[in-house]
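Trainee: Residues per chain, in single letters:
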Amino acid sequence: AAGVIQSPRHLIKEKRETATLKCYPIPRHDTVYWYQQGPGQDPQFLISFYEKMQSDKGSIPDRFSAQQFSDYHSELNMSSLELGDSALYFCASSSVLTGRGTGELFFGEGSRLTVL
Amino acid sequence: DQQVKQNSPSLSVQEGRISILNCDYTNSMFDYFLWYKKYPAEGPTFLISISSIKDKNEDGRFTVFLNKSAKHLSLHIVPSQPGDSAVYFCAAIHSYSGGGADGLTFGKGTHLIIQP
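First to last, the protein sequences are chains A and B.
Read in the working numbering, the first sequence has 30 at position 30, and its numbers run on one by one without any break.
The working numbering runs 1000 ahead of the 1-based position in the second sequence.
Here chain A stands alone, though its shape is the one from the complex:
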């Protein structure tokens, strides 16, 4: 079965550069979530989209922005990168049929961002 696809899997950037992460949810899933997991930390919720509209916002820095496109894929844009942005970024998707609102999310394998 198709899973959540994230790209790139690994990304290395310099401080103050910009990075874009992409997420392709499971087909027919209507909600996309972004999480950030720092070294030794739990995943922190950043932002979510439902039917291409921003749904909920967590601890996402102002330097970050995200959107969901008409084909339901989502992109997380990170500008003015800082060393502390180095983390694993997970995208997850869900649908009303599989438990949106009850937390049964399907996660991608993550994109590892390293800021030098």
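Everything labelled a hint here was simulated from the structure, so no lab data went into it.
Check each hint, because a few of them may be wrong.
Unchecked claim - Below, a list of computed lysine-lysine pairs in the PhoX-like style, where the Cα atoms sit at most 25 angstroms apart: (1) B/1005 <-> A/57; (2) A/57 <-> A/22; (3) B/1108 <-> A/57.
Knowing the structure of chain A, use the given hints to seat chain B on it.
Mentor: Then chain B, alone, in the frame of chain A:
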């Protein structure tokens, strides 16, 4: 403030025995609780969940117990198998109807090690 707490960073259990992973929460608005399992270099995988209207949910070798008055839940794995070695995240959500979606609040995870 950590709303979902997993106080044991790691747990070592002998193969065939019971593994018990604990989780405490502080937010009384949480009404759905989940356990996710994570292998290295992979995204979290949904394992089992429980609604706040129940006190037990069982799925094969996995059972989750919820004690609402104590704001405590636990995951029991019986019998433990080598493939169960992974990081287990407790997560909670305040679900609501009417559209939109909310993000999961994760604990910091417990690294379960099953010894042969």
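Trainee: If a hint holds in the structure, say so; if it doesn't, say that too.
Mentor: Do the hints match the structure? See the list:
no.: 1; hint: B/1005 <-> A/57; in the structure: holds, 21 angstroms
no.: 2; hint: A/57 <-> A/22; in the structure: holds, 18 angstroms
no.: 3; hint: B/1108 <-> A/57; in the structure: holds, 20 angstroms
In this structure, every one of the numbered hints holds.
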